[in-house]
Structure formats: C-alpha cells, structure tokens
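Novice: Listed below are the residues making up each chain.
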Amino acid sequence: MNPAKTAHPAAGRLVVGRGTVAFVVRRRSAVVGAVLVVLTAVAAVVSLGVGSTFVAPPDVLRALAGDGPFTVVVQNLRLPRITVGLAVGALLGLSGALLQSISRNPLAGPDVVGVTQGAGLAATFAMTAGLGTVWLGAGALLGGLAAAAAVFVLSFRYGLAAHRFVLCGIAVALAVRALTEVIIVSGDPMEGQRAQVWLAGSLAGLGYAEARVLLVPLLVLLPVLLWAGRAMDTTALDDDVARGLGVRVVGRRVALGAVAVLLAALATSQAGAVDFVALAAPQLARRLVRAERPPLACAALTGALLTVVADLVARTAFAPVQLPVGVLTAALGGPYLLWLLVRRKKA
Amino acid sequence: MRGRRLAVVAACAALLVAAAMASLAAGSRGIAPGHVVDALLRPDGGEESAIVRSMRLPRTVTGLAVGAGLALAGVLMQALTRNPLAEPRLMGVTSGASLGVVVAISVFGLTTLPAYVWFGIAGAAVSGTFVYALAARTRDGASPVTLALAGTALDASLTGVVVGVLTVNAQTFDTYRFWAVGSLAGRPAEVALWVLPFVAAGAVLAFAAARGLDAVALGDDVARGLGRDVGRVRLLAAVAAVVLTGAAVAAAGPIGFVGLAVPHLARGLVGADHRWVLAVSLLLGPALLLVADVLGRLVVPPAEVRAGVVTALLGAPFLILLVRRGRTVTA
Numbered sequence: 001m002n003p004a005k006t007a008h009p010a011a012g013r014l015v016v017g018r019g020t021v022a023f024v025v026r027r028r029s030a031v032v033g034a035v036l037v038v039l040t041a042v043a044a045v046v047s048l049g050v051g052s053t054f055v056a057p058p059d060v061l062r063a064l065a066g067d068g069p070f071t072v073v074v075q076n077l078r079l080p081r082i083t084v085g086l087a088v089g090a091l092l093g094l095s096g097a098l099l100q101s102i103s104r105n106p107l108a109g110p111d112v113v114g115v116t117q118g119a120g121l122a123a124t125f126a127m128t129a130g131l132g133t134v135w136l137g138a139g140a141l142l143g144g145l146a147a148a149a150a151v152f153v154l155s156f157r158y159g160l161a162a163h164r165f166v167l168c169g170i171a172v173a174l175a176v177r178a179l180t181e182v183i184i185v186s187g188d189p190m191e192g193q194r195a196q197v198w199l200a201g202s203l204a205g206l207g208y209a210e211a212r213v214l215l216v217p218l219l220v221l222l223p224v225l226l227w228a229g230r231a232m233d234t235t236a237l238d239d240d241v242a243r244g245l246g247v248r249v250v251g252r253r254v255a256l257g258a259v260a261v262l263l264a265a266l267a268t269s270q271a272g273a274v275d276f277v278a279l280a281a282p283q284l285a286r287r288l289v290r291a292e293r294p295p296l297a298c299a300a301l302t303g304a305l306l307t308v309v310a311d312l313v314a315r316t317a318f319a320p321v322q323l324p325v326g327v328l329t330a331a332l333g334g335p336y337l338l339w340l341l342v343r344r345k346k347a
Numbered sequence: 001m002r003g004r005r006l007a008v009v010a011a012c013a014a015l016l017v018a019a020a021m022a023s024l025a026a027g028s029r030g031i032a033p034g035h036v037v038d039a040l041l042r043p044d045g046g047e048e049s050a051i052v053r054s055m056r057l058p059r060t061v062t063g064l065a066v067g068a069g070l071a072l073a074g075v076l077m078q079a080l081t082r083n084p085l086a087e088p089r090l091m092g093v094t095s096g097a098s099l100g101v102v103v104a105i106s107v108f109g110l111t112t113l114p115a116y117v118w119f120g121i122a123g124a125a126v127s128g129t130f131v132y133a134l135a136a137r138t139r140d141g142a143s144p145v146t147l148a149l150a151g152t153a154l155d156a157s158l159t160g161v162v163v164g165v166l167t168v169n170a171q172t173f174d175t176y177r178f179w180a181v182g183s184l185a186g187r188p189a190e191v192a193l194w195v196l197p198f199v200a201a202g203a204v205l206a207f208a209a210a211r212g213l214d215a216v217a218l219g220d221d222v223a224r225g226l227g228r229d230v231g232r233v234r235l236l237a238a239v240a241a242v243v244l245t246g247a248a249v250a251a252a253g254p255i256g257f258v259g260l261a262v263p264h265l266a267r268g269l270v271g272a273d274h275r276w277v278l279a280v281s282l283l284l285g286p287a288l289l290l291v292a293d294v295l296g297r298l299v300v301p302p303a304e305v306r307a308g309v310v311t312a313l314l315g316a317p318f319l320i321l322l323v324r325r326g327r328t329v330t331a
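Line order of the protein sequences matches chains A and B. Going by our numbering, the residue at position 152 of the first sequence is 152; the numbering climbs one at a time, nothing skipped. Going by our numbering, the residue at position 269 of the second sequence is 269; the numbering climbs one at a time, nothing skipped.
In isolation and in its complexed conformation, chain A is listed as follows:
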C-alpha cells in the first residue's frame, strides 16, 4: 500500500491513507514518535550491553547480527528479557492512554482502578493452586477484568462520577491485595513466596514465550487500536455534543475501557505488577506531543522506553542485588502522581 499524503487544511497535519482508512497525523506526533523510537532503540542497546558481563554498544550490534564473541550473552540471555520489557511497557502505555482518555482524568490508570491487583489475585490463586503457567495468564486476564467490572458496578450510581470511580478503585485495590495475602498465607509457603516475587513485578527469567503471549494479542488488537485512536476524538468531546454527532457514548466508552483493561491484565499476567508506567507514559507522551488527550502510539513507545530504562536501573544500580523493576517504578511513580496532583492546580 502506498499511503497518499496530502496537505490537510490545518497546518502541521498530514492525512495518511484514503477513504475509510484515512488517518490524520499531526506532524509533531510523527516527529516525537520517531525520536521515541530512536531513544527506545538506544536504551535497548545499552541495556543489552550492561550486566555481569559488559558489552560495548558496537559489539552489541554485531552480536545482534549473530557475529562476535558475545552472541550468546546478548541474544540468548538479555534479548528475551528486554523484548518482554518493551512489550510490557507498550501494553501498559496503551492501556493507560485509553483509560485516561475515556475517563478524561490524567490520574486514571490500571493500577489505580484495581486491574493490576485483580490480575495479581487471580494469578496468585492459579499459582498456589498449582494450575500451571497457562492458567496463570488466563487467570490474570479474568481477574483484571473482574476487578475492573467490580469497580465499575460499585461506583455506578446515577451515572459514573469520576471521584466515585477513583475512590471505589482504591477501595477495591486494597481489598483485593488483602485477599491475595490471605491466599498466600493459607497456601504452601514455597508457592506463596514464588507468588510474592511475581507480584513485585519483575522481568527476571522472562523470555520469548512470555513475549509471544504479549505481542500476539497486541497484533490482533491493532485494528481495534487504530479504530480507538479515532474513536477517542469523539469520546473526548462533551457527552451531549458527541451524542449529537450520533455517537453511542456509553457503549463506546465501555468498549474502549474493556480493551484498556485487557491490555493491562495481559501485561500483568506475564510480568506482575509494574506500577505507574501506565499512569506516567500517556501523560509524558501527551506533553511531548502537546495534544489534549494522550496519543496512543506515542504512549506505547514512552511506556516501552520507561520500562526498559527502569529495568536497566533496577538490575544494575544495586548490583549484585537485582531489584524487581516494579519496586523501582512504584518508588518513582508515586512522586510523579503527586506532582500531577499539584500541577492540576494550574490546569
């Protein structure tokens, strides 16, 4: 396909495609996206080189091409982990961007509304019940969806007020975390410990099998995401205006929300709770692009970049001890959320 690019009446915008598959791309988004791709690639190459054996970036590139003495280290030991990191970050960034757009709230994120914790509960149950890795992923998906549905139902009262949604999310998250602990305590101590390590959110020991679980659904969902990118433009409008344009507001919001929950639950099912990436990535992307709502593609790239950098820092800063990446993102993400809260004063 040869995308026809024509100048849009509005300056700084490009139209890619034709007819029903046409997309308006802002020039700034394209530039920011390209820069993010480069930065993510650089971070990945650096991360591929750093560890118990240091490999200089040129050697990393040669090793990736299957050449030189470091091929095993780079290709077999580090590349799988970093691929998973990229995928987890991208999914979380997308999920956060969708949730923040439909709730029109920069503070919404899968970890704020209980999705991460619900996935954690179900995965812990699967682990302690000895159901195996297949069920771990499926269970985490179901758990995340169930927790989100619970938050939705509990906070629905004459409509869906944002403050009720957030507060019910906090309550459900706390209750679900407590339930998780009851399961851990009541089960086999060894399995319980394994579950706790998993819950902390770590990329250690993850490989291509996990990456496939994350990337295949992402590819399948790609058309949905392209649709979502356009759908969010109207969803961001005032409800009445959107209705006037013939948009089924509630249905569309529920559909987009379900996709967001699915993406976050997928990421959590493989890597555990990597907190705050889903919250921070869309807002950083939105600031970079200077858009009114978080841009999907740039949010995914920012999420991937954040996760890979956080993992690099977490596994090297306190060497020989490797921190789980989730611990680092939680410690850094909290202050970021606080800063967002303060910043809203000027909004």
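The set of hints was computed from the structure by calculation and includes no laboratory data. Cβ atoms here follow ideal geometry from the backbone N, Cα and C, with glycine treated the same way. The hints are all genuine.
Distance ranges between label pairs, derived from CB positions:
(1) A:Val-35 to B:Gly-268: 50 to 58 Å
(2) B:Pro-43 to A:Ala-204: 46 to 54 Å
(3) B:Ala-133 to A:Pro-69: 52 to 60 Å
(4) B:Ala-133 to A:Arg-287: 23 to 31 Å
(5) A:Arg-212 to B:Ser-28: 42 to 50 Å
(6) A:Glu-191 to B:Gly-45: 40 to 48 Å
(7) B:Ala-201 to A:Val-35: 51 to 59 Å
(8) A:Gly-130 to B:Ala-18: 36 to 44 Å
(9) B:Leu-235 to A:Leu-77: 56 to 64 Å
(10) A:Ala-149 to B:Val-168: 35 to 43 Å
(11) B:Val-300 to A:Leu-77: 36 to 44 Å
(12) A:Ala-204 to B:Val-300: 27 to 35 Å
To spell it out: a stretch of chain A is covered by chain B in this simulated footprint if at least three of its residues, at any positions, have a beta carbon under 8 Å from a beta carbon of chain B; those stretches are:
(13) 143–157
(14) 178–185
(15) 318–330
A partial selection of chain A residues facing chain B, derived with a Cβ cut-off under 8 Å:
(16) Leu-107
(17) Val-172
(18) Ala-175
Using the hints provided, position chain B relative to the given structure of chain A.
Specialist: Relative to chain A, chain B alone:
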C-alpha cells in the same frame, strides 16, 4: 441525649471487654473463658496459664494500644482536614512511619524499641505534613479524592522505597520483618509497655483539643468568632494524631481502616461532639482491631492472617459504602 450517649459508651465498653476476652481465649489452642480468668487472676504455672500470660496477654494489650491510637488519630485527621476519608493509612501516614522505622534500622543501625517509636513518630509527622500540604496546594483543595490519591501515591512510593531497602539490605530485612508488617503477632510484653505511654499522651492531647475541634468544624472564621485559637487547636490535634499514628505503627506496622471506620461509626452513635466521638472511638478502635486479629487467627488455621489484612477486607466495603452515600463524600 446524655443518657443515650452514656448507654452507647457502656455498650462499647462491654464490646471491648468481650473482644479482649476473645483475643485471650482464641487461637490455635482454644482456651475456655473461665480458664482465661483463672490464668489472669490465679496463675497455676500450667500450660494454659503460660499461653495466656506470656503470649496472648501482650498481644491483646498491644492490640488495645494500637487500636486506640489508630481510631483516635482517624478522628483527629477527619476533623483537621474536614475530610470524611482522612485516615492514617489512606493518607500515607502509616507508610511514612514504616519508612521511619526502616531508616532507624538501616541507616542508624538502631534496633531498640524506643528508637522505633521515635523514628515512627518522625516519619508519620513528615509524611502527614507532606501529603496534607500537597493536597492543599492542588486545584480543588484537600478534597476527598485529591487527599486519597495523594495518600495512595505517597503510600505506593514509600512502600516501594521500603521494599527496595529491604531487598538490598538483608540484615535490615531480618530485623524489620518482625516489626512493621501490620500484625499483632509475636510482640513481646515490652512493646505494649513502650507504646502505651505514647498512646496515653496522644489521647490526652486529643481530648484537650476536642472542644476546639467542635468549633473548627464550623469553619475557621466561626471558630475565631467563638474565641478559639484556631492555630493552637490545629497544632494540638496534629501533634496528637502524629504521636498516635507513629506509636501505633512502631508497635504493629501499617494497619488501615480502623481509623476510617471507627470515627464514622462513633459519629453515627453519639453525634458530632468530639469529646463523645473520641470517647467512643477509644473503646471501639481496640475492639475492632482485636476482633480483626481474632478472625485472622481463625480463618485459615494453622496459618495466621495479619490483623492489617483483615481490617482491609472489612474496611474496603465500608469505604465503598461511604463513597456511594453521596452526601458524605463529594467530588
């Protein structure tokens, strides 16, 4: 009104005695209430009296002190912030106190109980001031959502720091994990004895501030008009809240929802007068925590669920009810 309030206080006192009795009697080995009384009054040196006196009595007294501290701190925070969701755990004050204890162990190498209490209080003071100042700076002031979100964010990042320190520093982990996990289990008698004076001091300060808080509840201007020194009342209440939370966390680790649910229940029973609310909370707080602790001992034997986990399970539905009852919590 006064007769009704006295009846409520008497009922709460009876509830507390029953909860304390259950805490002494229940466990992996159940002991009949009659034998519990015997063990307390006429110890015969037997196995049951040893269990009651050396294991369950310190645990119960710790529960009394921690429950009272958290409940009173909740009353004070809700009054200070005029926010129905203010609570030591939700506002991130307990995790600040936990971090204080971790700093005492890992940075200063202190492993004594007094050090835990003082560092716990310092951590509670810093995090409480921080989260409130931050929430007050935001667009909608210290609204319930903003305060809860700020508290959640602070809680997440401080917990992240605590977990990070513990992962990196194995020695701190060994010392710490017995302390700050939100549990009443395995506390020696000295813990209760060390924490009780702080809780008592905090309670005295709280009651001293009670009349002033009644006036502050009407608005700062009205309170000034009534001749109250608003700054002094707020300072008194804030110091009391910090001391109570810091001492409670130093003894048992972060435990949530006691400080949220008890003040609301107390206000429902005796009205808005802070002296009565404080008195009822002083009784209901320990009762709730002891009941949670007993439940935690019984649900998945032989394992124990930490009291803080049980209070979270009991408290989360309560929080949702509060949020759904629109007039209590608005945007």
